[in-house]
Amino acid sequence: MQQKIKEPRFHIVKRADISSKEAWIIRVIAIVAALALCAIITMVCTGDNPISIFATIFKGAFGTQRKTWITLQYVAILLIISLALTPAFKMQFWNIGGEGQVLMGGLAAAACMITLSGKLPNAVIILLMIVTSILTGAIWGVIPALFKALWNTNETLSTLMMNYIATQLVAYFTIVWEVPKGSGKIGIINQNSNIGWLPNIGNKYLLSIIAAVLVTIGMFIYLKYTKHGYEIEVVGESRNTARYVGISVEKVIIRTMLLSGAICGLAGLLLVGGINHTITTTISDGQGFTGVMVSWLAKFNPIAMIFTSLLIIFMDRGASEISTAFELNQSFADILTGIILFFIIGCEFFIRYKIIARKDLGKENA
Amino acid sequence: MENKEVAISLRGITKTFGDVTANCNVNLDVHKGEILSLLGENGSGKTTLMNMLAGIYYPDAGQIIINGKEAVIRSPRDAFDLGIGMVHQHFKLIDVFDATENIILGLEGKLNKKEAEKKIREICDKYGFEINTSKKIYDMSVSEKQTVEIVKVLYRGADILILDEPTAVLTPQETEKLFNVMRNMKKDGKSIVIITHKLNEVQSISDRVAVLRHGEFISDMTTSGTNAQEMTDMMVGHPVSLNIERPEPVDPKPRIVVENLTVVDEEGIVKLDDVSFTANTGEILGIAGISGCGQKELLRAIAGLEIIKDGKITYIHQDGRTEELLGKSPREISDLGVKLSFVPEDRLGMGLVGNMNLADNMMLRSYRSGKSRFFTEKKEPRKLAEKVVNKLQVATPSIDTPVRLLSGGNVQKILVGREISSRPKVLLTAYAVRGLDISSSYQIYDLINKQKERGAAVLFVGEDLDVLVELCDRILVLCGGKVTGIVDGRNTDKYTLGSMMTQKGEA
Amino acid sequence: MFSLVAFIPRAVQQGVPLLLGSTGETITEKSGNLNLGIPGVMYVGGISGVIGSFFYEQSVPSGNLNGFLAILIPLLCALTGSLLMGLLYCFLTVSLRANQNVTGLAMTTFGIGFGNFFGGSLIKLAGADVPSISLSATSAYFSKTLPFASSTGWFGKVFFSYGFLAYVAIIIAVICAYVLRKTRVGLHLRAVGEDPAAADAAGIDVKKYKYVSTCLGCMIAGLGGLYYVMDYACGVWSNDAFGDRGWLAIALVIFTIWKPDVGIFSSILFGGLYILYLYLPSGTHTEYKELYKMIPYIVTLVVLVFTSMRNKKEDQPPKSLGTNYFREER
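Protein chains in written order, with the working numbering: chain A, 19 to 384; chain B, 88 to 594; chain C, 3 to 332.
Read the hints as simulated data drawn from the structure, not as lab findings. Note that CB positions come from ideal geometry on N, CA and C, so glycine has one too. Please note that the accuracy of each hint is not assured.
[Said to hold, decoys possible] So, partial list: chain B residues that the calculated Cβ filter (under 8 Å) puts toward chain A:
hint, residue
1, Y145
2, F304
3, L392
4, L413
5, S416
6, G424
7, V425
8, M437
9, N442
10, M443
11, N444
12, A446
13, R455
14, F461
15, F462
16, T463
[What the hints assert, rightly or not] Residues on chain A that point at chain C, a partial pick, calculated with CB under 10 Å:
hint, residue
17, A51
18, S349
19, I353
Please model the complete structure; the sequences and the hints are all you need to start from.
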């Protein structure tokens with residue numbers, strides 16, 4: 019009466035531990051697979067061969083000295099935003115309001131540039147820009163934190179709403195300050211006087227890059243070696259444990275979001291005062307969301323974020339080059355970025371779990 | 088040996104989780120119409136084994152034979168189809184649903200609550216349950232929830248019931264009621280497996296008993312043909328003499344005075360009602376009670392983790408100065424210079440951070456100290472971690488291993504080791520030996536005794552009355568949040584305690 | 003002058019994509035999946051419909067469209083496109099247990115990119131000889147109003163003057179509400195979202211429920227994208243025109259406290275709030291309009307905070323929302 023028994027063919031087991039080397043091998047395999055798929059899709063769309071596609075991507079990111087600088091500057095801004103979000107994520111606070119916090123920081127900087135121009139010395143204006151933009155970003159970050167601390171309001175959704183409120187505020191001021199009237203945009207602020215323009219260091223790209231390096235080092239130390247960083251980790255892992263050792267969870271949430279928002283505000287300052295010298299509702303270009311992924315892909319490790327943000331910007335710039343070269347739409351970059359993200363997101367499974375084919379046991383001793 | 092029909096037969100069942108073997112080559116039979124006790128220490132693999140019957144886990148190897156046919160149980164649904172139902176220790180009920188909705192959850196066909204309620208009432212009448220079908224689960228007491236779970240299993244027509252430590256949360260009266268229901272079900276021809284580690288329950292309810300130890304099947308026998316000593320020896324693996332040292336207290340002086348303490352939880356339920364007592368230096372004050380009678384809240388209140396409605400908690404320094412601890416956070420308490428250590432019941436959810444390594448966990452208490460205001464001091468915690476690992480023989484690859492990867496006993500050693508490293512004046516422990524094997528348990532008792540000899544005031548919340556009677560100098564008994572008495576540990580026995588645990592405020 | 007009879011139809015037209023999006027997200031969230039990819043899914047739904055109907059319009063001589071096919075082809079394309087997105091989300095979060103927030107955001111990046119890319123490059127890729135994508139013929143079928151809309155005065159204008167997808171949206175919402183509240187499938191789905199371990203122990207196939215509800219949710223949301231291009235935008239695809247409606251749909255789910263039938267009215271209310279700025283007096287200060295556009299977001303935030311303050315058990319998000327379930331997790 020030996021009947022056919024349908025047993026599961028394989029089962030999934032959580033890995034006890036995995037060496038970081040193995041983990042990185044899995045990630046690299048995923049990225050290579052993703053790039054291969056991207057190449058195939060590009061081939062289908064353009065008819066070009068894969069080698070020249072990758073050559074074009076590389077050319078787009080690092081083709082000329084200027085392009086390299088721009089790429090690095092983009093990386094710097096994305097890195098700063100990702101770093102800003104990181105302490106919140108480590109605390110298991112899903113701050114997807116980076117977009118709004120960046121915008122508010124930028125808005126504050128623009129406000130100083132426009133309203134104070136000519137009334138105060140340039141150095142004072144720049145100082146005020148730094149202070150107000152960091153402060154405004156921090157305020158925008160702390161509002162959802164207060165809701166969370168007081169009533170445990172879902173932060174994913176509240177930070178999301180704060181983004182749109184910020185967007186509309188910027189839209190409002192864009193019209194208030196529009197130049198010329200009726201154009202619906204502000205244009206380059208203080209184009210002739212350059213008041214409120216952050217000073218160039220070496221060249222016009224280097225300031226953001228230096229800021230990013232400083233923030234990266236600072237955040238690395240903050241998270242790893244300070245008491246605040248330790249508290250953030252404990253709160254993120256277990257609120258009960260935090261309370262048990264006398265950490266005020268509410269205080270940590272509020273303090274961390276102040277920091278998170280402040281650094282986003284800094285990114286806004288750099289975008290407005292250092293790079294674009296204007297403000298639009300799309301100035302942060304979705305990087306508040308991309309930063310979530312950069313930070314998560316790097317497992318919240320500030321040093322690893324240098325590479326994840328570089329990867330994303332590299333693909334983005336490269337894909338833009340492809341779209342230009344083949345007269346395709348710029349959004350092609352988003353598709354390729356999306357594909358790479360899907361692969362990296364998916365590969366985490368193979369790092370955390372292993373699949374075991376079932377052994378054929380218990381057949382004889384029936 | 089009785090010659091009865093076999094309902095379940097397990098052959099060579101093995102299950103591992105990562106590096107941990109939960110069950111190894113287990114063979115076990117359950118007969119039709121019998122109540123089988125599955126006995127074993129915590130961590131002996133009882134629940135894992137039964138979860139494989141219920142379809143929660145799938146065995147790595149081995150066969151399950153139900154009513155003579157080999158069965159493959161891939162999911163709880165397969166288990167239901169085979170007539171197996173399990174009542175888990177942590178109830179699997181949806182809080183926002185009512186009883187009826189929970190009972191019919193997962194079944195097929197058109198949704199007809201009226202019909203279902205009728206059938207539920209029939210089942211209740213047949214076996215002697217009481218149930219309010221439209222009551223939401225979040226409004227229910229533990230025993231009501233358990234009733235819903237059992238009816239849920241019966242509603243599906245299960246012939247084989249598995250109850251995982253059903254009495255842990257019940258009062259003796261409720262336990263007796265449950266046992267009556269179980270006897271009714273047995274009369275009806277159903278097979279019942281009850282997981283427990285309480286020997287008196289084994290003797291009062293079951294026909295047969297099977298013993299597991301370290302994931303392996305040891306033996307099975309008829310209940311009438313064995314005795315408590317034999318069962319204990321089998322559970323533990325070597326002859327056990329439960330002799331715990333109890334040094335005489337040296338110069339006891341009041342250290343913590345609790346007066347009229349009342350604690351009400353978020354939902355308005357009174358957890359502690361007018362509790363008063365004194366904890367002395369150099370003395371172990373045991374706290375006994377049925378699970379959920381306010382033991383946890385009492386320790387948490389002293390540690391500054393509960394919102395207290397009323398009362399006073401006074402700490403008396405060595406030199407006679409007093410501090411009021413009420414309304415202070417754990418941090419404020421430690422800032423007062425009150426050296427208070429707390430070993431909570433939920434080790435990985437509260438006492439330690441599972442994903443952090445040993446050294447970082449050592450820092451939890453001390454990270455605020457150190458020279459710098461801003462930076463953490465890592466050297467001292469590492470030294471402490473090394474010390475705890477060496478002194479308490481913690482089995483760990485290194486002090487950089489995340490705590491969650493260690494076994495329960497080792498986790499507890501780290502927690503206790505950290506908490507006593509600050510040389511506390513007050514030591515609070517909740518279920519300090521839960522889930523630990525006998526030798527680890529003895530090590531913990533030893534550590535607690537050392538603190539007592541050092542002059543700490545120890546509060547020891549325990550569930551094993553035998554241990555309480557042997558270890559503690561005085562024992563405070565809680566029942567439904569009220570103190571029913573404080574007795575001398577040397578002049579009492581567990582039966583006295585047992586009866587005090589069930590009488591509300593009569594003492 | 004403000005005319006309610008003119009205002010309501012516009013609010014409804016704004017509300018329909020939101021209703022479809024939020025109904026889809028509601029049944030997704032009821033299974034415990036917080037799908038932040040809905041904005042991307044709606045883009046994909048819209049563009050898939052556009053692609054389908056673009057090729058259909060190209061393949062037949064102008065004016066000879068078969069009405070049935072002109073509706074069926076975009077409809078099927080939109081459903082397929084959004085179904086694929088749903089499957090992708092489920093594969094990553096349910097089968098591979100990836101973080102839901104990150105997966106959702108990546109899907110939104112991908113979906114919006116996908117929509118804008120094909121919206122911008124379709125003509126070049128297809129080598130067609132037209133200046134821009136304008137599917138007015140197809141759109142005419144989609145936005146055809148009920149026959150007695152114009153003959154019944156204000157009543158007809160308020161109730162009958164919409165394309166068929168608007169009515170489909172309402173019917174879907176009603177069906178979803180009924181299924182969730184009154185049927186066994188709904189009971190099981192709610193159980194999965196509340197406590198997957200309990201649902202699993204009760205014999206419910208948690209994976210299946212998560213897959214089916216999330217994919218259906220995506221398909222419904224995809225219809226929202228389709229309605230937007232084909233009916234509201236008269237068949238003209240312009241990049242980024244769909245805007246942030248997808249996020250608003252997610253916000254609407256909270257606003258309706260996870261009830262699709264409440265969604266019918268609140269989506270119209272939201273649609274109204276969304277275009278309210280056109281009606282509020284701002285005189286010569288056009289900038290005030292930008293402030294008025296904040297209203298829906300502020301209202302959502304207030305509702306969100308208010309429900310969390312009240313902390314009523316029945317009004318809370320599904321308890322396991324945002325977390326993945328693995329039976330053997332220890």
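Results of checking the hints against the structure:
no., hint, result
1, Y145, "holds, 6 Å"
2, F304, "violated, 15 Å"
3, L392, "holds, 6 Å"
4, L413, "violated, 16 Å"
5, S416, "holds, 6 Å"
6, G424, "violated, 14 Å"
7, V425, "violated, 12 Å"
8, M437, "holds, 4 Å"
9, N442, "holds, 6 Å"
10, M443, "holds, 7 Å"
11, N444, "violated, 12 Å"
12, A446, "violated, 12 Å"
13, R455, "holds, 7 Å"
14, F461, "holds, 5 Å"
15, F462, "holds, 5 Å"
16, T463, "holds, 5 Å"
17, A51, "violated, 14 Å"
18, S349, "holds, 4 Å"
19, I353, "holds, 5 Å"
Checked against the numbered hints given earlier, the structure breaks hints 2, 4, 6, 7, 11, 12, 17 and satisfies all the rest.
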